[in-house]
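Engineer: Residue numbers (the UniProt record's numbering), protein chains in the order written: chain V, 1 to 499; chain X, 1 to 499; chain G, 1 to 499; chain S, 1 to 499.
Everything labelled a hint here was simulated from the structure, so no lab data went into it. It is possible that some hints are incorrect.
Treat identical chains as interchangeable: a pair holds within one or across any two.
Unchecked claim - The calculated DSSO-like cross-link candidates involving lysine-lysine, where the alpha carbons are at most 30 Å apart (straight line), are:
id, residue 1, residue 2
1, 73, 26
2, 127, 255
3, 50, 247
4, 491, 127
5, 491, 189
6, 26, 381
7, 73, 121
Protein chains: 4
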Amino acid sequence: MSSLISGSEIAQHDNRDSCWIIVHSKVYDVTEFLDEHPGGSKIILKYAGKDATEAYEPIHPPDAITTNLPIEKHIGAVDPNTVAKVVKEVTEEDKRREALMAARPPLDEILNLHDFEAIAKQLLTPKAWAYYSSASDDEITIRENRAAFQRVWFRPRVLRDVTNVDWSTTILGQKSSLPVYISATALGKLGHPDGEINLTRAAGKHGVIQMIPTLASCSFDEIVDAAIPGQPLFLQLYVNRDREITKRYVQHAEKRGVKGLFITVDAPQLGRREKDMRMKFVDDGAGAKVQEGQKDVQKDQGVARAISSFIDPSLSWKDIAWFKSITTMPIILKGVATPEDALLAYDSGVQGIVLSNHGGRQLDTSRSGLENLIDIVAALKSRGPWPNPNFSIFVDGGVRRASDALKALALGASAVGIGRGFLYSFSSYGQEGVERAIQILRDEFEMNMRLLGARNLSELVPEMVDASALRAHVGVTPPDNLYEQTYQSLKTADFKNKL
Amino acid sequence: MSSLISGSEIAQHDNRDSCWIIVHSKVYDVTEFLDEHPGGSKIILKYAGKDATEAYEPIHPPDAITTNLPIEKHIGAVDPNTVAKVVKEVTEEDKRREALMAARPPLDEILNLHDFEAIAKQLLTPKAWAYYSSASDDEITIRENRAAFQRVWFRPRVLRDVTNVDWSTTILGQKSSLPVYISATALGKLGHPDGEINLTRAAGKHGVIQMIPTLASCSFDEIVDAAIPGQPLFLQLYVNRDREITKRYVQHAEKRGVKGLFITVDAPQLGRREKDMRMKFVDDGAGAKVQEGQKDVQKDQGVARAISSFIDPSLSWKDIAWFKSITTMPIILKGVATPEDALLAYDSGVQGIVLSNHGGRQLDTSRSGLENLIDIVAALKSRGPWPNPNFSIFVDGGVRRASDALKALALGASAVGIGRGFLYSFSSYGQEGVERAIQILRDEFEMNMRLLGARNLSELVPEMVDASALRAHVGVTPPDNLYEQTYQSLKTADFKNKL
Amino acid sequence: MSSLISGSEIAQHDNRDSCWIIVHSKVYDVTEFLDEHPGGSKIILKYAGKDATEAYEPIHPPDAITTNLPIEKHIGAVDPNTVAKVVKEVTEEDKRREALMAARPPLDEILNLHDFEAIAKQLLTPKAWAYYSSASDDEITIRENRAAFQRVWFRPRVLRDVTNVDWSTTILGQKSSLPVYISATALGKLGHPDGEINLTRAAGKHGVIQMIPTLASCSFDEIVDAAIPGQPLFLQLYVNRDREITKRYVQHAEKRGVKGLFITVDAPQLGRREKDMRMKFVDDGAGAKVQEGQKDVQKDQGVARAISSFIDPSLSWKDIAWFKSITTMPIILKGVATPEDALLAYDSGVQGIVLSNHGGRQLDTSRSGLENLIDIVAALKSRGPWPNPNFSIFVDGGVRRASDALKALALGASAVGIGRGFLYSFSSYGQEGVERAIQILRDEFEMNMRLLGARNLSELVPEMVDASALRAHVGVTPPDNLYEQTYQSLKTADFKNKL
Amino acid sequence: MSSLISGSEIAQHDNRDSCWIIVHSKVYDVTEFLDEHPGGSKIILKYAGKDATEAYEPIHPPDAITTNLPIEKHIGAVDPNTVAKVVKEVTEEDKRREALMAARPPLDEILNLHDFEAIAKQLLTPKAWAYYSSASDDEITIRENRAAFQRVWFRPRVLRDVTNVDWSTTILGQKSSLPVYISATALGKLGHPDGEINLTRAAGKHGVIQMIPTLASCSFDEIVDAAIPGQPLFLQLYVNRDREITKRYVQHAEKRGVKGLFITVDAPQLGRREKDMRMKFVDDGAGAKVQEGQKDVQKDQGVARAISSFIDPSLSWKDIAWFKSITTMPIILKGVATPEDALLAYDSGVQGIVLSNHGGRQLDTSRSGLENLIDIVAALKSRGPWPNPNFSIFVDGGVRRASDALKALALGASAVGIGRGFLYSFSSYGQEGVERAIQILRDEFEMNMRLLGARNLSELVPEMVDASALRAHVGVTPPDNLYEQTYQSLKTADFKNKL
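Input sequences plus hints: build the corresponding full structure.
Structural biologist: Below you can see the structure in the form of structure tokens.
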């Protein structure tokens with residue numbers, strides 16, 4: 001099998017009965033895999049007997065096919081001279097995006113994290129935008145996450161010498177130049193060809209900690225390899241139905257130097273994200289398989305569910321002991337939402353929790369992490385002195401400004417996670433975008449801490465915020481439309497002859 | 001009178017002094033009925049001496065004319081060879097709708113119950129849409145019904161083994177595959193030629209319970225006949241001024257196997273629904289007579305009031321004993337809104353109550369059933385252990401998602417009713433639409449229960465929701481329009497040369 | 001001076017030094033009055049030597065000129081043959097309005113009081129609309145008046161025999177077919193040539209009580225003359241700086257049978273109504289003088305202030321005894337807003353108070369009468385048993401529906417006043433409009449009382465409403481515009497090829 | 001060096017190695033200053049060898065260049081005959097603004113302070129508008145400042161003799177015709193060629209007190225010289241890193257008769273104002289240097305940060321004693337936001353505090369001064385009888401109406417500051433605009449005090465306002481977009497054939 005295989009031979013296996021495809025110049029027999037492909041067989045058959053690399057690339061880690069396909073189905077290397085070069089058709093949409101790339105504002109005109117999102121929203125393919133931006137059901141929680149920060153107001157102190165302010169910290173024993181870590185988000189190559197590695201490189205350069213996602217587009221090792229020596233990394237874990245796979249994955253991560261294991265506990269099943277699901281109907285080829293043990297899923301569920309069927313819904317508190325037995329990394333439970341579970345987590349001996357609702361992508365109308373923080377800090381005080389150096393609380397969801405982070409920290413969080421904010425920064429500008437995002441946050445931390453009168457993070461105290469309105473997510477009386485139609489608004493004075 | 005009647009003979013009775021019409025190939029003398037017709041005489045006279053079937057069909061049950069007209073006015077069968085085929089004029093509106101029918105998205109692109117409503121809104125005749133969608137006065141309650149669910153937030157539990165989740169239940173002793181029943185809505189044929197039977201068939205297939213409306217377009221027996229053996233059905237009852245009619249109707253229902261009697265108590269008079277009333281002015285022919293005992297009504301009151309004048313405004317607590325004497329079906333009072341009345345209901349010996357405001361169609365600015373639920377559960381606890389297996393509370397109004405149902409159930413409801421959601425599903429896609437709606441709810445129940453950490457309905461506890469904002473239906477300060485005109489919103493960065 | 005005066009003689013007095021004008025075929029020498037005219041001299045000089053009737057008519061009562069001008073300035077009658085008929089120029093605006101008049105929807109298509117406002121808004125001259133619709137400053141209170149009703153929710157009772165419902169009542173000892181009176185609004189002829197008499201006639205026909213405004217366009221006697229025998233009328237009073245004028249006015253009213261004196265106490269100075277003031281700049285001829293004792297005012301203050309300078313800002317609690325000495329009519333203080341003043345009113349021996357903020361036309365960001373009602377009823381209970389047959393509380397401001405009235409009544413009001421609602425009904429349809437408005441309210445009372453389970457007004461109890469949100473006029477967090485720009489709303493499913 | 005320098009000689013110094021510029025007919029060698037210029041070297045080099053007066057003028061006080069440049073760099077006077085007259089290019093934008101100037105509504109059509117803002121918004125250069133109107137981050141606090149006033153409602157008293165009402169007061173011992181002072185705002189010449197002097201003249205004429213800004217476009221002495229004898233002035237102070245500069249400045253002010261020293265304590269660093277920053281990218285020439293001791297700053301930070309790098313972030317409570325040692329003027333701390341700091345201020349022996357968030361330009365999501373007022377007045381009562389004649393509280397931010405001021409005064413403030421309101425009044429109409437603004441406020445004070453029943457400021461008591469909703473800056477539930485798309489609003493009746 002070490003001899004090169006000719007294009008004409010491959011081309012004969014162009015049907016359901018015998019289906020070969022080329023990926024990265026290697027030929028694979030996927031005939032028996034067709035019905036197992038989470039993205040459906042249709043999209044594979046489109047490339048039967050042909051080179052599928054271009055379609056494969058953005059939504060699979062490089063090793064997805066080799067890991068999932070038995071070795072005997074790895075047919076061999078392609079004879080490059082015999083395969084017609086795939087001429088990528090340049091669509092109107094491609095041209096539109098290329099023109100937009102050229103017209104991006106220079107990075108120094110990007111003033112805040114919203115700006116990256118505004119650029120990415122237009123630059124991304126509709127499918128990528130739908131996958132990244134979507135949340136579950138009516139997308140109420142995703143918006144509430146943002147709104148919650150604005151129900152907490154500052155009570156700044158004045159006349160403190162704020163010449164020097166320091167916002168660096170330690171997260172799970174690792175130094176961080178910001179009280180912010182890069183939270184895990186999936187499928188980075190949908191946004192940029194270098195995928196998650198954009199984050200790794202920027203994080204290494206600026207002393208920020210990245211959490212590697214289980215569902216990364218880049219392989220775990222590619223990401224770790226992109227880190228500089230000593231650069232701390234965390235790992236986000238979806239637990240596989242097959243615990244052996246999980247064990248291998250976790251222990252490999254520890255061996256490669258990962259410093260914290262964030263087990264996702266709010267996703268026994270991935271949420272129904274309707275923007276993402278609607279996208280399926282305009283592009284039937286979506287889907288990826290990144291883990292073994294995945295079961296077949298409905299074909300109309302969007303990217304999110306296509307890639308997640310391996311996740312084990314039976315994960316429970318009983319499993320914590322097992323995790324502690326397979327790793328010495330600090331274990332953090334990501335997705336805790338109640339004081340009840342926070343106490344269970346504490347009592348189970350893990351090192352912390354992330355108050356998260358998965359960026360609004362799981363249970364809609366879940367409360368924000370920020371709101372839960374208040375109840376949970378109060379509950380944990382029942383377990384002894386607080387803050388507790390052995391138990392950390394993190395918050396993610398809706399963070400866009402340093403001021404958001406400062407509010408969470410004042411209320412008891414150790415650090416906050418930012419997911420989409422960084423995702424959009426590399427989707428629009430690659431690694432440089434991520435670096436600019438970090439710089440913006442740094443500027444904001446400097447300014448806001450000075451204006452708050454807090455010279456370092458330990459001076460951020462609950463008294464610096466007024467969170468009394470945080471729980472007031474009230475509903476508005478439905479408007480009286482008839483009255484509003486007949487009421488004529490006031491107008492200001494205006495120029496006589498408008499130009 | 002058994003010989004066939006010729007079209008030319010019929011055609012002579014084409015005026016107010018002698019008015020015959022053809023319905024379903026039978027001839028009727030409606031001369032004396034003209035002034036009693038709730039929809040007015042004008043619409044009948046339009047068909048004097050002609051075939052009125054097409055106009056009659058969508059808003060009358062088939063037996064309306066035979067039940068209401070004395071037997072001696074049933075002239076006989078038409079000689080089909082002598083009657084000119086009524087050539088239905090195809091209007092621009094008909095063409096528009098036909099084109100829309102063809103352009104409906106495939107059912108698997110319908111992702112939630114709102115989608116059915118969006119399709120039906122465009123597909124229905126303006127009159128049908130007005131009748132179905134309208135609510136009373138300023139339509140504040142109809143919107144509040146929906147808004148109330150979003151003031152209740154989830155407190156999900158994690159790390160429970162949710163491999164298997166079960167949302168089936170028992171409603172009034174009948175098995176139901178969902179904690180949801182199909183609530184009664186009137187005049188189904190305005191939405192689809194098969195009317196309420198669409199619901200019956202889908203309900204039978206998927207183990208869901210349908211509540212048959214008094215004001216159905218299909219006759220009661222047609223609906224029951226469409227059920228499969230053993231399929232449980234409930235009956236919604238408007239009580240007639242003539243109690244004998246009501247008695248016959250209830251006892252007939254019980255004989256046909258109906259398993260629960262839902263007596264509407266919030267409609268001594270049908271509400272003023274202005275969207276519906278405005279429609280009268282563009283189509284003066286509306287009106288239907290579905291029950292005897294109906295009095296004449298103002299002709300400009302829309303469909304709702306035209307069909308409801310038989311309802312008895314004198315219905316009172318004293319009547320409950322009588323109902324108990326005429327039926328052994330469980331009796332449920334539909335439309336209770338206060339703890340005071342909930343206690344009266346309990347003490348009267350009925351089997352339950354529906355917390356409903358009639359879909360916002362009766363008393364506007366009534367509170368939502370969900371809000372009333374909290375007070376009422378608290379009050380009922382004064383009568384003994386709760387939950388009480390002999391007394392059920394149901395909630396309807398504004399339910400669009402499984403998550404809505406789960407909130408009501410967590411707060412003490414046994415099940416929720418969905419009316420418009422199913423109505424729009426068959427209005428847009430017939431029986432298949434209803435089946436798709438049930439499937440969507442099922443998917444949502446599975447996902448949300450897993451994400452909540454509740455494996456069956458008994459694990460849905462009040463602690464899983466935060467209802468603290470439910471009563472906060474506050475009003476917003478009227479905006480300062482002058483300030484808002486002068487305030488210039490922030491803008492994000494943008495591309496240099498927008499394409 | 002009894003001989004007829006020729007047009008040519010009049011025409012010579014066409015300047016500031018000698019200025020005669022014709023009004024209703026009589027000639028007046030207004031030379032010395034020019035600078036006293038509240039609307040400014042300019043508008044009079046426009047008609048110097050000519051017939052001013054057409055401009056005079058809509059904003060002055062017929063007797064304004066005769067009352068204000070010394071008898072020696074009444075020159076005499078015009079010789080009709082010598083005066084050129086004033087040919088009214090028909091403007092584009094006139095034509096627009098005439099076409100609109102013809103295109104008005106028939107009255108039975110008017111379904112609620114908002115409809116009249118919608119029609120009047122387009123039909124009225126811009127100046128009349130500005131005067132009627134305007135309120136003070138940022139017009140926050142006018143909108144809050146409406147919003148307040150929607151923060152009170154119903155708690156309806158069911159299963160009461162509501163065959164017969166009765167919403168008639170007694171107001172200050174006078175029978176009223178509705179718990180609603182027609183509140184005083186000024187300058188009715190701006191809206192309709194018959195002015196306030198439209199109200200009088202409709203009120204007489206339907207058993208409703210009208211409150212005659214001091215600033216009516218029709219004279220007091222014209223209005224009283226239009227009443228049927230025994231028709232009860234109230235009088236609204238602006239107190240003149242010259243108390244003798246007020247005394248004559250009040251005693252004349254009592255002699256003519258007026259049954260209640262409503263003294264306005266919230267208007268020591270009329271509010272700045274900016275819509276009205278802006279109108280001054282497009283029409284410099286506004287102004288009217290309806291009372292003696294008026295001082296000169298700034299010319300740019302709109303109609304409201306032009307006609308009100310006679311009002312006495314020194315009016316105080318000390319004056320109440322005097323009023324009691326000059327009349328035996330019940331005295332009601334209109335415009336009370338605090339429990340403190342309600343107690344002072346009670347202790348002063350008057351018969352009642354109107355909780356009013358003058359339709360939002362006086363102090364902006366004053367609270368609504370409905371909100372004040374709760375505090376004031378609570379305070380009055382300290383003075384003895386409540387309700388007190390000798391002391392009535394009325395509420396006005398923002399009432400558009402019977403349901404609004406029912407909320408106020410449930411909370412302790414004896415009746416509510418409707419001003420603009422009736423004003424717009426005759427502005428758009430004359431007397432018939434007012435009758436239709438009364439009929440609509442009657443229908444709404446019937447329906448809502450049935451649905452509430454209240455058979456008469458004494459059954460309207462506080463427990464029937466939930467006013468817990470009434471005080472919650474909260475402010476909304478200013479929106480995060482950047483986030484909202486980048487958040488992309490969900491969309492429903494849609495037809496494939498939209499027509 | 002006293003001989004005149006020819007244009008041709010100057011023109012040779014047109015580059016980075018030797019750069020001379022002309023300002024106000026004097027030549028300066030700015031070669032060594034190029035890299036120190038806060039606005040960057042680029043903008044200076046544009047005028048190398050040429051006359052820079054026109055660009056210099058609007059954003060520098062006249063003495064900025066002479067103060068900042070060592071005397072040996074003052075080359076001498078220009079020979080006017082040898083310099084080509086700079087012909088100012090008239091741009092389209094200039095023409096647009098000129099036409100707008102001519103089309104401004106006459107001043108008597110300006111009815112409120114919003115009107116000035118509406119006119120200025122269109123009249124100002126985009127850069128000036130961005131600098132004036134911008135606030136920090138998401139601009140939430142700037143809007144909250146305004147919104148807070150509308151959460152306080154009036155409880156007006158009636159039947160008090162309000163013939164005479166008096167709103168004059170004493171501020172820090174100085175008479176003021178209004179309980180309002182003109183708060184400091186920077187760079188007045190961006191808005192009008194006469195800059196801050198417009199304020200000084202109008203203030204002198206109408207008995208109002210102006211607070212002179214450190215960052216004025218006019219020099220301190222120009223402003224003081226424009227005052228009439230005895231006209232009280234206050235001084236706003238940014239404290240320089242070089243305390244000697246500050247000492248000279250303060251003592252000079254005291255010598256010139258300034259009556260109060262307002263030390264800004266909420267600006268150790270100027271906020272990130274993104275509207276202002278975005279403007280930098282369209283005009284790279286911004287920047288000004290008004291104080292010595294300024295360090296270099298990032299060049300992309302907008303006008304605000306360019307002009308403020310001299311401000312000392314080390315300023316602290318320890319410095320208060322020093323200020324008391326260098327001046328006998330009353331010292332007021334501007335920018336206090338918490339009871340904790342209010343008590344520190346009181347205990348430090350200063351004469352008062354301004355509850356301010358710097359017009360929303362510093363720490364975003366800081367609470368409004370009005371909200372802080374309530375907590376702070378409560379706290380100060382712990383220090384002895386209140387009000388305290390030796391300690392004043394002022395409030396600024398969002399004041400647009402006399403009613404706003406009255407609310408703050410009722411709650412305990414001595415006076416309020418208005419910044420932007422006056423800034424926009426002279427930006428649109430020069431000195432006359434300021435006078436009109438004062439007149440409008442006077443009219444509003446008269447009306448509102450009458451309507452409140454307060455004859456003088458001591459009668460303004462807390463009971464006259466309902467501030468219960470002030471702390472309720474709640475967040476709204478994110479809307480259910482799908483529901484709102486499908487819900488069809490009610491419509492009013494309408495004309496049959498709309499014209």
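Engineer: Hints the structure violates: just list their numbers, smallest first.
Structural biologist: 2, 3, 6 and 7
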